[in-house]
Amino acid sequence: MAEVIQIKDIARYAGQEVTVRGWVYSKTGKGRLQFILLRDGSGQAQCVAFKREMDAEAFEIARGLTQESSVVITGEVRPDERAPGIPGGFEIGIRDLQLLQQAQDYPITPKEHGTEFLMNHRHLWVRSNRQWAILRIRATIIKAMRDWLDDQGFLLVDTPIITPAAGEETTTLFEVDYFGDPAFLAQTGQLYNEANIMAFGKVYCFGPTFRAEKSKTRRHLIEFWMLEPEIAFCSLEELMDIEEGLVIYVVAQVLEKHSRELAIIERDVKKLRAITAPFARISYDDAVERLQELAEATDDPEAKAELAIAWGEDFGSPQETALAEIFDKPVFVYNYPTAVKAFYMTPVEGRPEVCRSVDLLAPEGYGEIIGGSERIHELDLLEQNIDKMGLGREAYQWYLELRKFGTVPHAGFGIGIERTVAWICGLNHVRETIPYARLLNRKYP
RNA sequence: UCCGUAGUAGCUCAAUUGGCAGAGCAAUCGGCUGUUAACCGAUCGGUUCUUGGUUCAAGUCCAAGCUACGGAGCCA
Numbered sequence: 244m245a246e247v248i249q250i251k252d253i254a255r256y257a258g259q260e261v262t263v264r265g266w267v268y269s270k271t272g273k274g275r276l277q278f279i280l281l282r283d284g285s286g287q288a289q290c291v292a293f294k295r296e297m298d299a300e301a302f303e304i305a306r307g308l309t310q311e312s313s314v315v316i317t318g319e320v321r322p323d324e325r326a327p328g329i330p331g332g333f334e335i336g337i338r339d340l341q342l343l344q345q346a347q348d349y350p351i352t353p354k355e356h357g358t359e360f361l362m363n364h365r366h367l368w369v370r371s372n373r374q375w376a377i378l379r380i381r382a383t384i385i386k387a388m389r390d391w392l393d394d395q396g397f398l399l400v401d402t403p404i405i406t407p408a409a410g411e412e413t414t415t416l417f418e419v420d421y422f423g424d425p426a427f428l429a430q431t432g433q434l435y436n437e438a439n440i441m442a443f444g445k446v447y448c449f450g451p452t453f454r455a456e457k458s459k460t461r462r463h464l465i466e467f468w469m470l471e472p473e474i475a476f477c478s479l480e481e482l483m484d485i486e487e488g489l490v491i492y493v494v495a496q497v498l499e500k501h502s503r504e505l506a507i508i509e510r511d512v513k514k515l516r517a518i519t520a521p522f523a524r525i526s527y528d529d530a531v532e533r534l535q536e537l538a539e540a541t542d543d544p545e546a547k548a549e550l551a552i553a554w555g556e557d558f559g560s561p562q563e564t565a566l567a568e569i570f571d572k573p574v575f576v577y578n579y580p581t582a583v584k585a586f587y588m589t590p591v592e593g594r595p596e597v598c599r600s601v602d603l604l605a606p607e608g609y610g611e612i613i614g615g616s617e618r619i620h621e622l623d624l625l626e627q628n629i630d631k632m633g634l635g636r637e638a639y640q641w642y643l644e645l646r647k648f649g650t651v652p653h654a655g656f657g658i659g660i661e662r663t664v665a666w667i668c669g670l671n672h673v674r675e676t677i678p679y680a681r682l683l684n685r686k687y688p
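Residue numbers (my numbering): 244 to 688.
Don't read these hints as lab results, they were simulated from the structure.
Given the structure is predicted, the values throughout are model-derived calculations rather than measurements.
There's no promise every hint is true.
[As the list claims (entries may be wrong)] Below, simulated BS3-like cross-link-like pairs (lysine-lysine); rule was C-alpha separation at most 27 Å, straight line: (1) 500 with 514; (2) 513 with 251; (3) 572 with 547; (4) 251 with 386; (5) 294 with 270; (6) 631 with 584; (7) 354 with 686; (8) 457 with 631; (9) 500 with 251; (10) 584 with 457; (11) 584 with 647; (12) 270 with 354; (13) 572 with 386; (14) 631 with 647; (15) 251 with 354; (16) 513 with 500; (17) 273 with 294; (18) 457 with 647; (19) 459 with 547; (20) 500 with 584; (21) 572 with 584; (22) 572 with 513; (23) 459 with 686.
Generate the whole structure from the sequences, applying the supplied hints.
See the structure below:
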């Protein structure tokens with residue numbers, strides 16, 4: 244057998260005999276000439292079976308190959324401009340071919356399919372070009388986020404998934420039976436991050452989070468992955484600097500490493516190239532005013548109703564979209580009303596009705612991809628807020644204790660991986676950004 | 001939870017006023033030496049989402065339910 248290669252490296256083997264192992268992505272025949280597009284996970288290469296150049300038995304196997312049959316192919320790599328593939332431009336003239344398994348009736352054909360059908364076959368759908376490209380970009384986005392933070396002196400500190408108390412809204416918790424005691428799947432690692440910064444200064448956690456929200460939108464998953472940095476001695480302004488640096492690096496890495504994948508998913512890369520510093524920073528007060536101006540300017544009564552907002556209300560998704568559309572880059576909105584935000588956010592001095600919080604809204608209608616804030620670091624105020632929310636101090640004893648032993652001002656944020664992937668890839672639903680989406684009515688496959 | 005749309009072959013969809021259940025793709029067989037979702041010929045393929053009702057006759061009309069999709073709220 245010749246050297247086994249990965250198809251992504253095919254250009255390096257021009258003129259040599261190689262072996263590739265993979266699955267038949269598609270096949271088209273011309274009688275004595277058969278074109279087999281083979282995928283091996285790293286890329287795709289056109290393998291050409293020509294009857295005169297192989298033995299009769301091997302040619303018959305090639306001629307009878309079905310979509311997704313698994314094969315080992317040996318042959319010579321030759322440049323050919325006509326050859327499709329990833330990277331393409333090279334093809335393999337088949338000398339020998341070994342069939343591992345002949346697939347029967349592969350359900351995902353090269354034609355169109357509906358969402359439900361594809362989601363029911365997600366375990367197979369991940370083989371399709373578009374899904375392959377998206378999930379590769381997802382992996383790069385995660386790596387880029389971690390690389391950037393590691394380079395900035397952050398330490399990865401893992402936080403638990405099974406937790407004794409709520410991190411956010413108590414109504415969206417998944418309860419699990421912990422040997423007879425109730426416990427909950429984590430909605431966030433933030434509270435533990437706050438403990439960890441007192442040991443390590445700058446930390447982040449990365450992992451799955453769970454929210455039992457009855458949300459059924461293009462932006463919601465029941466199980467989603469979040470990266471959460473937390474920084475000691477950090478102000479809201481410094482937090483925005485960190486968020487901006489992180490997002491810019493991530494987009495740049497995707498552009499640098501994935502031109503091929505971005506082309507497969509037909510992403511308009513001009514919009515990604517525009518993601519450069521600085522991002523606009525507007526206060527909640529200004530944002531409300533901007534929305535009111537937009538509502539006034541439009542003649543469409545429906546749009547007017549959608550944009551209508553009174554000070555103190557949280558933004559709905561049409562309003563987030565309208566705000567983001569003013570800019571061609573992500574935009575920070577800071578100092579939200581305290582009443583619509585979580586119990587741990589620091590009130591603005593002299594103006595307790597707003598708090599030191601900041602959301603980053605992605606362009607093109609992708610909505611909030613980051614939420615962050617300065618955390619309350621005084622014990623009294625934090626205790627009051629926990630009481631006010633009816634959360635029960637007992638479960639938060641350890642968290643409150645952090646304010647007794649060298650408490651310092653600090654801040655942090657969470658960035659939703661799937662929303663970030665959806666935005667960068669230009670997808671219309673987060674269900675394609677994660678290998679196996681958990682949605683309101685779906686936990687299969 | 002609310003609003004809207006849809007459910008017909010393995011898949012994507014047609015079916016006129018209530019009057020014979022149809023096409024493309026896939027699959028199977030045959031043909032073809034440069035295909036790019038090839039092409040040409042043939043074959044196979046149906047509990048029209050479920051239950052009940054109206055009618056000589058229901059994919060089509062009525063009622064209830066189920067499921068999916070899109071949107072809202074809530075959120076990352």
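Results of checking the hints against the structure:
The suggested pairing of residue 500 with residue 514 holds, with an alpha-carbon distance near 16 Å, which does not exceed 27 Å. With a C-alpha separation of about 26 Å, the suggested pairing of residue 513 with residue 251 holds against the 27 Å cut-off. Distance check on the hinted pair: residue 572 and residue 547 sit about 24 Å apart at the alpha-carbon level, within 27 Å; holds. The hinted pair formed by residue 251 and residue 386 meets the criterion: a straight-line CA distance of about 20 Å does not exceed 27 Å.
With a CA separation close to 15 Å, the supplied pair residue 294 and residue 270 stays within the 27 Å bound. Proposed proximity of residue 631 and residue 584 is supported: the alpha carbons are some 13 Å apart, at most 27 Å. Proposed proximity of residue 354 and residue 686 is supported: the alpha carbons are some 26 Å apart, at most 27 Å. Restraint check for residue 457 and residue 631: the C-alpha separation of about 25 Å stays at or below 27 Å, so the hint holds.
With a CA separation close to 13 Å, the supplied pair residue 500 and residue 251 stays within the 27 Å bound. A distance of roughly 19 Å separates the Cα atoms of residue 584 and residue 457; the hinted pair therefore holds under the 27 Å criterion. For the suggested pair residue 584 and residue 647, the alpha carbons sit about 24 Å apart, so the restraint of at most 27 Å is met. For the hint linking residue 270 to residue 354, the alpha-carbon distance of about 14 Å falls within 27 Å, and the restraint holds.
Restraint check: the Cα-Cα separation between residue 572 and residue 386 comes to about 22 Å, which is no more than 27 Å; the hinted pair holds. Taking the CA atoms of residue 631 and residue 647, the gap is near 21 Å; set against the 27 Å cutoff, the hint holds. Of the supplied pair hints, the one linking residue 251 and residue 354 holds, its CA atoms being roughly 26 Å apart against a limit of 27 Å. Taken as a hint, the residue 513 and residue 500 pair is honoured in the structure, with Cα atoms around 16 Å apart against an allowance of 27 Å.
The straight-line distance between the Cα atoms of residue 273 and residue 294 is roughly 11 Å, inside the 27 Å bound, and the hint therefore holds. Annotation: proposed proximity of residue 457 to residue 647 is violated, straight-line Cα distance about 38 Å (limit 27 Å). Distance restraint check for residue 459 and residue 547: the Cα-Cα separation of roughly 24 Å lies within the 27 Å cut-off, and the hinted pair is therefore satisfied. For a cut-off of 27 Å, the pair hint linking residue 500 to residue 584 is broken: about 37 Å separates their Cα positions.
Between residue 572 and residue 584 the CA atoms are separated by roughly 24 Å; this keeps the pair inside 27 Å, and the hint holds. As the CA atoms of residue 572 and residue 513 are separated by approximately 12 Å, the hinted pair is consistent with the 27 Å bound. For the given pair, residue 459 sits about 14 Å from residue 686 by alpha-carbon distance, which is consistent with the 27 Å threshold.
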